[in-house]
Amino acid sequence: MASMATQTELRPGDGWRFMPCSLEEYDVNLYNGFLPREQPLLRLTNSYYSPWENMTDNFRKYMVAGIFRQKIRELPVLSTEHLQDMREYRRACVILSFLSHSYIWGHNEVPETTLPKQLSIPWCTISNKLGIVPILTNTTSVLWNWEFLNDGCSDFASSNLYTSVTFTGTTDESWFFTVSTMIEAKGGDILHYGGIVLDAVHSDSIQQAIYGLDGMTDTIKQMITIIKRMPESNDPYLFYWKLRKYFAGWENMEEAGIEHGVIYEDADAIDYNGNSYPKNSFIKFKGASAAQSSVIQVLDILLGIKHFNTEENSASSEANNQCNSVNKHLNKAPGSPYLLEMRKYMTRTHRQFLVDLEKICGIRSYVIKKAAEIINSGDTFSELLEINDDYLSETDSQDGYSLEQRKSLLRSYNRCVSTLKAFRDAHIEVVKVYVVSQARSSRPHNPKTAEAPSRQPRSATAAINIPENRASESDTLMNSPTLTDNERLGEKRSIGNANELAKKLQSISVQETRGPSPANKSGLAMERAEGQAILGTGGTDAISFLKNLRDETRSSRIV
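Letter by letter, the sequence shown follows residues 948 to 1506 of the numbering used here.
Just so you know, the hints here were simulated from the structure itself, not pulled from any lab data.
No residue lacks a Cβ here, since even glycine has one placed at the ideal position from N, Cα and C.
Treat the hints loosely; a few may be bogus.
To be verified - Pairwise CB distance ranges, derived in the manner of DEER restraints:
{"#": "1", "residue 1": "1494", "residue 2": "1033", "range": "17 to 27 Å"}
{"#": "2", "residue 1": "1152", "residue 2": "1212", "range": "51 to 61 Å"}
{"#": "3", "residue 1": "1023", "residue 2": "1100", "range": "17 to 27 Å"}
{"#": "4", "residue 1": "1100", "residue 2": "1212", "range": "37 to 47 Å"}
{"#": "5", "residue 1": "1060", "residue 2": "970", "range": "36 to 46 Å"}
{"#": "6", "residue 1": "1217", "residue 2": "1490", "range": "45 to 55 Å"}
{"#": "7", "residue 1": "1295", "residue 2": "1179", "range": "27 to 37 Å"}
{"#": "8", "residue 1": "993", "residue 2": "1229", "range": "29 to 39 Å"}
{"#": "9", "residue 1": "1494", "residue 2": "1348", "range": "33 to 43 Å"}
{"#": "10", "residue 1": "1031", "residue 2": "1349", "range": "50 to 60 Å"}
{"#": "11", "residue 1": "1102", "residue 2": "1490", "range": "32 to 42 Å"}
{"#": "12", "residue 1": "1152", "residue 2": "993", "range": "47 to 57 Å"}
{"#": "13", "residue 1": "1179", "residue 2": "1349", "range": "40 to 50 Å"}
{"#": "14", "residue 1": "1302", "residue 2": "1033", "range": "18 to 28 Å"}
What the hints assert, rightly or not - List time: in silico EDC-like cross-link candidates among lysine to aspartate or glutamate, alpha-carbon distance up to 20 Å:
{"#": "15", "residue 1": "1306", "residue 2": "1151"}
{"#": "16", "residue 1": "1291", "residue 2": "1215"}
{"#": "17", "residue 1": "1175", "residue 2": "1119"}
{"#": "18", "residue 1": "1076", "residue 2": "1218"}
{"#": "19", "residue 1": "1076", "residue 2": "1215"}
{"#": "20", "residue 1": "1168", "residue 2": "1179"}
{"#": "21", "residue 1": "1231", "residue 2": "1218"}
{"#": "22", "residue 1": "1175", "residue 2": "974"}
{"#": "23", "residue 1": "1133", "residue 2": "1498"}
{"#": "24", "residue 1": "1316", "residue 2": "1146"}
{"#": "25", "residue 1": "1076", "residue 2": "1179"}
{"#": "26", "residue 1": "1306", "residue 2": "1146"}
{"#": "27", "residue 1": "1306", "residue 2": "1032"}
{"#": "28", "residue 1": "1133", "residue 2": "1151"}
With the sequences and hints as input, model every part of the structure.
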């Protein structure tokens, strides 16, 4: 790995000099993207915060024992005044996010609607300090929740990454977050090459723009390879029925058991704009979602890809249209109200980065200007109508660029857009395997059945070209929903003792024939009939939303 000095020389970030603030001020960098440049703190060393750290070490045991909520209510209400720096604030925010979602959603329990002050007061105080809303987000579950395994090695590879805090303590969950972290780490390359293209636009260098666009394309291809690795160590059954419910927030969760939101007991909660909520009132926040990833929204902005409101006659539609009418040409913010809302769940600095980038980014306009002589101006390319005649008149053949150079630029741009579309295709396939297939299939009634329904989604992994290397009879047996997570891990370690395992399975087989209990259907973990919408953790129809994004990306190619 290159030294820091060498890396700095290779990545000066000149393309970002047009931004009103430095990358450091936005808390982004050209190496890890929106991930912190330094590994997140793994533990709060001040003994004052031992109650939080000890609870984080043991809360899974307490949940299995049914005493977790009681243990939380027995905690002292700790002050945040002893947190020394941003790394400590972030660590505390991660801890409190995981403990709070565990408290609300429980373990085979009815969801709670009041978060006790032992969690709510410090969580809100810390969130206010960090410029983030008090809910589990992509930031707290991914950006600030990783560790390197090998001392002295800062490679974001699966062999060198692990997740600091998890809900279930399973390797499946850690792998889910690890894959997300590896994708986020590619944000450094996206920003690096994106900056090159931005600089090329301002200096009018087609060759430099092609280089940057091709670099972005190669990076997105790497992101596709990473997301396709999800089935390697993350079981679809465990993800859907045991893990996913903890990612959900408390908005649009009526069917999951939370109708009005959650009360943050005695806490001073504020929204992303700094507006205070009335104390001890119900508050609604959406849960953690991949749509909260700044990397993906940066790609949309850099490539000028626009997303639109699909809800007819909604209040958000009118606001969205007003917003879009202010922006000129093709530098618009994504118009999807949901995508715009997801920015509220980013940190304040990352939100501002996206807003400022929209104001200075003209990559798509530049490509259209240079390729205006060769693109089809018919009905299939309506976006030309959004560019003023004065703008188009600037295009001529006297700028020194040949027709072939212009074609190369257009090809590089379209190739980058198509690759982003392919990434969204891969994301959709992952959601189908891990969410849709699980929700559509009946839960297993006999854990000893060879063709257990819970394993059916494995065949779907062929759609994302991942060879199956984890499915085994022991995996199928371990998917019994009445086994606790700790019991399942213990059984896996002693799988060689077939007689003991057989007795365990035989003892629960009668219960399994009765189908899943109501407790096991709490939260988002529920069967859905064909035609019923399957909610994402952000409270939207997951597949419809993702397909819209994919289709809008595809239609953004310049033809």
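Status of the hints after comparison with the structure:
A beta carbon spacing of about 38 Å between residue 1494 and residue 1033 contradicts the range 17 to 27 Å that was offered as a hint. Under the hint 51 to 61 Å, the C-beta atoms of residue 1152 and residue 1212, about 58 Å apart, fit the expected range. The supplied range of 17 to 27 Å is broken by residue 1023 and residue 1100, whose beta-carbon atoms lie about 38 Å from each other. In this structure the supplied range 37 to 47 Å holds for residue 1100 paired with residue 1212, their Cβ-Cβ distance being about 43 Å.
For the hinted restraint 36 to 46 Å between residue 1060 and residue 970, the CB-CB distance of approximately 41 Å keeps it satisfied. Distance hint check: the CB atoms of residue 1217 and residue 1490 are about 33 Å apart, inconsistent with the given range 45 to 55 Å. The hint said 27 to 37 Å for the Cβ distance between residue 1295 and residue 1179, and at roughly 35 Å that hint holds. Taking the beta carbon of each, residue 993 and residue 1229 are about 34 Å apart, inside 29 to 39 Å as hinted.
Distance hint for residue 1494 and residue 1348: a CB-CB separation of about 37 Å, consistent with the stated range 33 to 43 Å. Taking the beta carbon of each, residue 1031 and residue 1349 are about 59 Å apart, inside 50 to 60 Å as hinted. Separation of residue 1102 from residue 1490 is about 34 Å and conforms to the stated range, judged on CB atoms against 32 to 42 Å. A C-beta distance of roughly 52 Å is found between residue 1152 and residue 993, which places it inside the suggested range of 47 to 57 Å.
Separation of residue 1179 from residue 1349 is about 46 Å and conforms to the stated range, judged on CB atoms against 40 to 50 Å. Under the hint 18 to 28 Å, the C-beta atoms of residue 1302 and residue 1033, about 22 Å apart, fit the expected range. Between residue 1306 and residue 1151, the direct Cα distance comes to roughly 18 Å. Compliance with the 20 Å bound is thereby established for this hinted pair. Restraint check: the Cα-Cα separation between residue 1291 and residue 1215 comes to about 18 Å, which is no more than 20 Å; the hinted pair holds.
For a cut-off of 20 Å, the pair hint linking residue 1175 to residue 1119 stands: about 15 Å separates their Cα positions. Restraint check for residue 1076 and residue 1218: satisfied, since their Cα atoms lie roughly 12 Å apart, inside the 20 Å limit. A C-alpha spacing of about 12 Å is found between residue 1076 and residue 1215, which places the hinted pair at or below 20 Å, so the restraint holds. Proximity of residue 1168 to residue 1179 is assessed by CA-CA distance (about 18 Å); at most 20 Å being required, the pair is judged to hold.
With a CA separation close to 10 Å, the supplied pair residue 1231 and residue 1218 stays within the 20 Å bound. Under the criterion of a C-alpha separation no larger than 20 Å, the hint pairing residue 1175 with residue 974 is inconsistent with the structure, at around 29 Å. Pair hint residue 1133 plus residue 1498 does not hold up; C-alpha atoms about 23 Å apart against a cutoff of 20 Å. Distance hint between residue 1316 and residue 1146 is fulfilled; the C-alpha atoms sit about 16 Å from each other, no more than 20 Å.
For a cut-off of 20 Å, the pair hint linking residue 1076 to residue 1179 is broken: about 38 Å separates their Cα positions. Note on residue 1306 and residue 1146: the hinted pairing holds, with a Cα-Cα distance of about 15 Å set against a maximum of 20 Å. Note on residue 1306 and residue 1032: the hinted pairing is violated, with a Cα-Cα distance of about 32 Å set against a maximum of 20 Å. Among the hinted pairs, residue 1133 with residue 1151 is inconsistent with the structure: their alpha-carbon atoms are about 27 Å apart, more than 20 Å.
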